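Asker: What follows is the residue order along each chain.
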Amino acid sequence: AQKITQTQPGMFVQEKEAVTLDCTYDTSDPSYGLFWYKQPSSGEMIFLIYQGSYDQQNATEGRYSLNFQKARKSANLVISASQLGDSAMYFCAMREGLYFGNEKLTFGTGTRLTIIP
Amino acid sequence: DGGITQSPKYLFRKEGQNVTLSCEQNLNHDAMYWYRQDPGQGLRLIYYSQIVNDFQKGDIAEGYSVSREKKESFPLTVTSAQKNPTAFYLCASSRKRTGNEQYFGPGTRLTVT
Numbered sequence: 012a013q014k015i016t017q018t019q020p021g022m023f024v025q026e027k028e029a030v031t032l033d034c035t036y037d038t039s040d041p042s043y044g045l046f047w048y049k050q051p052s053s054g055e056m057i058f059l060i061y062q063g064s065y066d067q068q069n070a071t072e073g074r075y076s077l078n079f080q081k082a083r084k085s086a087n088l089v090i091s092a093s094q095l096g097d098s099a100m101y102f103c104a105m106r107e108g109l110y111f112g113n114e115k116l117t118f119g120t121g122t123r124l125t126i127i128p
Numbered sequence: 015d016g017g018i019t020q021s022p023k024y025l026f027r028k029e030g031q032n033v034t035l036s037c038e039q040n041l042n043h044d045a046m047y048w049y050r051q052d053p054g055q056g057l058r059l060i061y062y063s064q065i066v067n068d069f070q071k072g073d074i075a076e077g078y079s080v081s082r083e084k085k086e087s088f089p090l091t092v093t094s095a096q097k098n099p100t101a102f103y104l105c106a107s108s109r110k111r112t113g114n115e116q117y118f119g120p121g122t123r124l125t126v127t
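Chains as they are written, first to last, in the numbering used here: chain A, 12 to 128; chain B, 15 to 127.
If we strip away everything but chain A, and leave its shape as in the complex, we get (with noise of 0.2 Å):
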């Protein structure tokens, strides 16, 4: 089974508008972290945001936030007022097992978000 899931392959958004990045994971461990990462075409991994499955609050950095819902196993990225420097490929990654020693990243497949003038 996948141990994230993107359903969105492809996003197109107006300029200014908000968006809403899927995200769904599956895991078993009670203690693991999840991350949201931009990658532009460049080819570099961005780090964006990081949310604990024991933190309370949901994430929130600057024009990015992370929608936590530990019951529905989904962890959805909002970004508001898209800029056109937004369009770039979003990857969701987890790590199971939050100690010392295992900081092994698991990723999606990703969506490409196209922001439109």
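Fair warning: there could be bad hints in the mix.
[What the hints assert, rightly or not] Cut-off 16 Å, straight-line C-alpha distance, at most; resulting in silico cross-link-like pairs (EDC-like, lysine to aspartate or glutamate):
#  : chain 1 : residue 1 : chain 2 : residue 2
1  : A       : K14       : B       : D73
2  : B       : K110      : B       : D68
3  : A       : K14       : A       : D40
4  : A       : K14       : A       : E72
5  : A       : K81       : A       : D37
6  : A       : K81       : A       : E107
7  : A       : K84       : A       : D40
8  : B       : K23       : A       : E107
9  : A       : K115      : B       : D73
10 : B       : K97       : B       : E76
11 : A       : K115      : B       : D44
12 : B       : K85       : B       : D73
13 : A       : K84       : A       : E55
14 : B       : K110      : A       : E107
15 : B       : K85       : B       : E38
[Said to hold, decoys possible] On the chain A side, residues computed to face chain B include the following (Cβ under 8 Å):
#  : residue
16 : Y36
17 : D40
18 : Y43
19 : F46
20 : S53
21 : E55
22 : F58
23 : Y61
24 : A92
25 : L95
26 : A99
27 : K115
28 : L116
29 : G119
30 : T120
Just so you know, the hints here were simulated from the structure itself, not pulled from any lab data. Here the structure is a predicted model, which is why all the values come from computation and not from measurement. Think of the CB as a built atom: it goes at the ideal place given N, C-alpha and C, for glycine as much as any other residue.
Position chain B against the provided structure of chain A, taking the given hints into account.
Answerer: Below, chain B alone, put in the same frame as chain A:
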């Protein structure tokens, strides 16, 4: 400026040749990782290392080898045993603590013909 460097950006090799991809970091991070990315796919973990002189296989280690002789450096060798070596290779590093994000280098695009 602190960061991760990977060289070269593009690499071309003939089938049957071993090739070594460089990864250096000056972030004083303990852990380093190598990922492979194929078109339309997410990243898959090849090898990772949490301390010097120690490393573990990831999900797709066959046909690859690594070394970690220095904290700053984690080179990846793509051997002739790797059946489909053409891919985009990304190196990353992280601090050893819970919730830590991984920082990525710019990547090396390897083409084997």
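Asker: All the hints need checking, so say for each whether the structure fits it.
Answerer: Outcome of the hint check:
1. A/K14 with B/D73: At roughly 13 Å apart (the allowed maximum being 16 Å), B/D73 and A/K14 satisfy the hint.
2. B/K110 with B/D68: Holds: B/K110 and B/D68 sit about 14 Å apart, inside 16 Å.
3. A/K14 with A/D40: 12 Å, holds
4. A/K14 with A/E72: Violated. A/K14 to A/E72 sits at ~25 Å, over the 16 Å cutoff.
5. A/K81 with A/D37: 11 Å, holds
6. A/K81 with A/E107: Judged against 16 Å, a Cα distance of about 14 Å means the pair holds.
7. A/K84 with A/D40: 12 Å, holds
8. B/K23 with A/E107: At roughly 31 Å apart (the allowed maximum being 16 Å), A/E107 and B/K23 break the hint.
9. A/K115 with B/D73: 10 Å, holds
10. B/K97 with B/E76: Answer holds: B/K97 to B/E76 is near 9 Å, not above 16 Å.
11. A/K115 with B/D44: 14 Å, holds
12. B/K85 with B/D73: 23 Å, violated
13. A/K84 with A/E55: 28 Å, violated
14. B/K110 with A/E107: The given pair, whose Cα atoms are some 15 Å apart, holds under the 16 Å limit.
15. B/K85 with B/E38: 9 Å, holds
16. Y36: 13 Å, violated
17. D40: Since chain B brings no Cβ nearer than about 13 Å to A/D40, farther than 8 Å, the hint is violated.
18. Y43: At 10 Å from the nearest chain B Cβ, A/Y43 fails the 8 Å test, so the hint is violated.
19. F46: 6 Å, holds
20. S53: 7 Å, holds
21. E55: 5 Å, holds
22. F58: 4 Å, holds
23. Y61: 6 Å, holds
24. A92: Hint on A/A92: violated, closest Cβ of chain B at ~24 Å, above 8 Å.
25. L95: 22 Å, violated
26. A99: 13 Å, violated
27. K115: 6 Å, holds
28. L116: 6 Å, holds
29. G119: Since chain B brings a Cβ to about 5 Å from A/G119, closer than 8 Å, the hint holds.
30. T120: Since chain B brings a Cβ to about 5 Å from A/T120, closer than 8 Å, the hint holds.
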